[in-house]
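First to last, the sequence lines map onto chains A and B. Start counting the first sequence at 1079; every next residue gets the next number (this note's numbering). Start counting the second sequence at 1079; every next residue gets the next number (this note's numbering).
Hints were generated in silico from the structure; no laboratory data involved. Bear in mind that the values here come from a model prediction, so they are computed numbers and not experimental data. Among the hints, erroneous ones may be present.
No copy labels: a pair is met if it fits in one copy or bridges any two.
With a cut-off of at most 30 Å between alpha-carbon atoms, the simulated DSSO-like pairs for lysine-lysine come out as follows [claimed, not checked]:
1. Lys1312 - Lys1510
2. Lys1443 - Lys1457
3. Lys1125 - Lys1510
4. Lys1316 - Lys1227
Protein chains: 2
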Amino acid sequence: MRKLMFLLAILPSMLLAQNKDSMMIRTLSNEILQNGKAYDLLYQLTKQVGGRLAGSPGMVKAEIWGQRTLEQLGADQVWMQECMVPHWVRGGKDKAVITEINNKKANRVLDVLALGNSLGSAGKTITAEVITVANFDELEKRKNEIKGKIVYYNNAFNPTNIQPFVSYGEAGIYRRSGPSRAAKYGAVAVIIRSLTESVANDPHTGAMAYTDSLPKIPAVAVGPRDADYLWHLKKGFKVSLSTNGKFLPDTIGHNVIAELKGSEFPNEFITIGGHLDSWDVNEGAHDDGAGIVHTMEILRAMKAIGYKPKHSIRFVLFANEENGLRGGTKYAEVAKQQNEKHIFALESDEGGFTPRGFGFTTQNKAQLAKFQSWLPLLKPYGTETIIDGGGGADIGPLNRTFGTVLSGFVPDAQRYFDLHHARSDVFENVHKRELLLGAVNMAGLIYLVDQYGL
Amino acid sequence: MRKLMFLLAILPSMLLAQNKDSMMIRTLSNEILQNGKAYDLLYQLTKQVGGRLAGSPGMVKAEIWGQRTLEQLGADQVWMQECMVPHWVRGGKDKAVITEINNKKANRVLDVLALGNSLGSAGKTITAEVITVANFDELEKRKNEIKGKIVYYNNAFNPTNIQPFVSYGEAGIYRRSGPSRAAKYGAVAVIIRSLTESVANDPHTGAMAYTDSLPKIPAVAVGPRDADYLWHLKKGFKVSLSTNGKFLPDTIGHNVIAELKGSEFPNEFITIGGHLDSWDVNEGAHDDGAGIVHTMEILRAMKAIGYKPKHSIRFVLFANEENGLRGGTKYAEVAKQQNEKHIFALESDEGGFTPRGFGFTTQNKAQLAKFQSWLPLLKPYGTETIIDGGGGADIGPLNRTFGTVLSGFVPDAQRYFDLHHARSDVFENVHKRELLLGAVNMAGLIYLVDQYGL
């Protein structure tokens, strides 16, 4: 009975708060959907800046664009945070041709892209028989056949997985470790099936990592239709392959950071971000132009409606996610040096598709329950799921350094791996309203964290 | 305590049932995602059959294709159900040009499509000053200015609506009733803004209806970028316009129906369907090729896994949704004549996009609660929302005749009105996995209704 009395006593203020919150989120939503600039900003980043791998001239251009834009959007403070970044270059056109099938000459061009961080064939063309394997198990069983050959991994996504990120996790190991695992048995090059279920034939690049003690052999990804063809051939064919990847000396890159000063807790930080770098072969529209303009749009909308945050909010364009994570690492490092208190960080790095929810890495169940309790406030805008687990590569170091609670924005993922690291990740494949709705849901979440803390 | 004992007593069987259901839905899902034919069937329907408005040669071709395909998929019985359908034809290319701006000659071509069911300009070109109005309120206020003019309605979607179908509902009245409301005050033709928020300039057709007592003036939809231009001009400009729409005599069309006989309740029917007709200007890929191949895929998957339904399941390709609803009306009429018992009907007519949930028109709250209780079983496949209200145009007559419980499949709607009734509703804009996942969720729901009834 006392519990009931208590509930009745606080109910009006609870309802009032809910009502105030739902009105504020509606105001943010209306502002973003009516006056949003995310789509136009994405046009600038993709079409006027373009591809922007760490160390490239495109990245320098992107940093300048990012700083100027954040200033124009009215942040209290904008600065560049220097960090050293890797400087891998593709170095030319990647080529692969099937030159022989069953002892007969052939000339079938394969559409390939060298994997990021892979080293080229040193000006030579490698020609060798191809050994096709379904997976590492088969590689291990046939380890004695591999010497002098090109290994092809048919690491297809499992179509029965509902969530493509699960398939990416399962198949991704072939991109990262496939080259060195084949080199161990004497392979001269590696071809992987692109990490996608797309019906198109675009090859998909992405980071790999060599084991230092093993030969660093060339490694390419082949488009999914070409991959089907290789898998269908099975054996008795040769491929000629040349790539040109190399590392130049590490160079200077920057996180671009904007801040809105908190009115009540200026020394407690909420971070929102995405990564400014992209692969070299596309415009980085979904990956991660979307995350960049989500971040900018939230700053714009808060300023436009005159929102004064309680906590200090940082809007961060991270320097180097794709092939080094140096940006996110540096951000946490400097935060630690300056003894900053980072309570929450939200990343958008799964594309600009229609919103589904958020994933959370929390310190305890009570925090997760708090996020759950906000679901009704965000549901009208597309957030339907609160997932236990999630965040983003760039904000990971904050969690490891401070235990900062993390969140990752989760848009619908069915289309993401059609474009991810492929030439097709361009502005035209981003949908304006889906992009804006992402910013709406993220802005709503940030507002709630800012108001109520964790 | 007795309640608890009871719960403990039935718990094992409840868990067993849940487990059996979740395994069966997983089996359906695996079958559809691994071996699904929906995408290939959609290719046939869109590329080999093409556009198929009621009464057109395309529709005849589609019916034959539909019957043959349903037979090949192994239905117990397939038949054509004859119904008379309207026979509207566009009759040629729709044209509109801005010929004068502020007393100066102009020659700016507008991309227009005559509205479905509208009558043409009788071989003449209509040239008149344009009066632009925001809405019916403004039309009424300015009713004395309208005589002899072309009325342009700037019936834009409200961008702050999160759900595009809400915007479609609000703006759609201008397509349906705008022509006659302008004719009432002496307008000679009507231009509406296409019912879309697309960033492209494709015009969108769709059904309109004249008030019989008023002059039947030509009516076209203009693409959204052209619409912005007209709205920007505001006044002082003339448009020349010609269209050729007309009605030929009603002709014979068919619902194409397949049946799987029920093993326990052969005389109780569950209907799954979409509409086979489309507008003439596109391939009807999302609208409603997706619904057709969803329907076929569920039949295919049930046969493939050897599922024997308890109730009789009807797979219906409805004849005429776009401009008459004669197919759905006939289906309910014949069902009534034959004294059939129709317990449930599910329609897919909101496109082949990524699944979000289902809407339900029920007879009571208990039924809705039953659907809610199934949510955990469907959630792994994308169903996150159960909405009170929903169904589909073609199955509406079943509800009005028998009180049949209805459901409408609800995919994500953000992209739907980019394509809906526009030239861009083509196969290339359908995503294979999104399409298949729609069939997965629908198959799961049908399985549960078949097992447990309502």
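*What hint numbers does the structure not satisfy?*
The structure conflicts with no hint, since it agrees with every one listed earlier.
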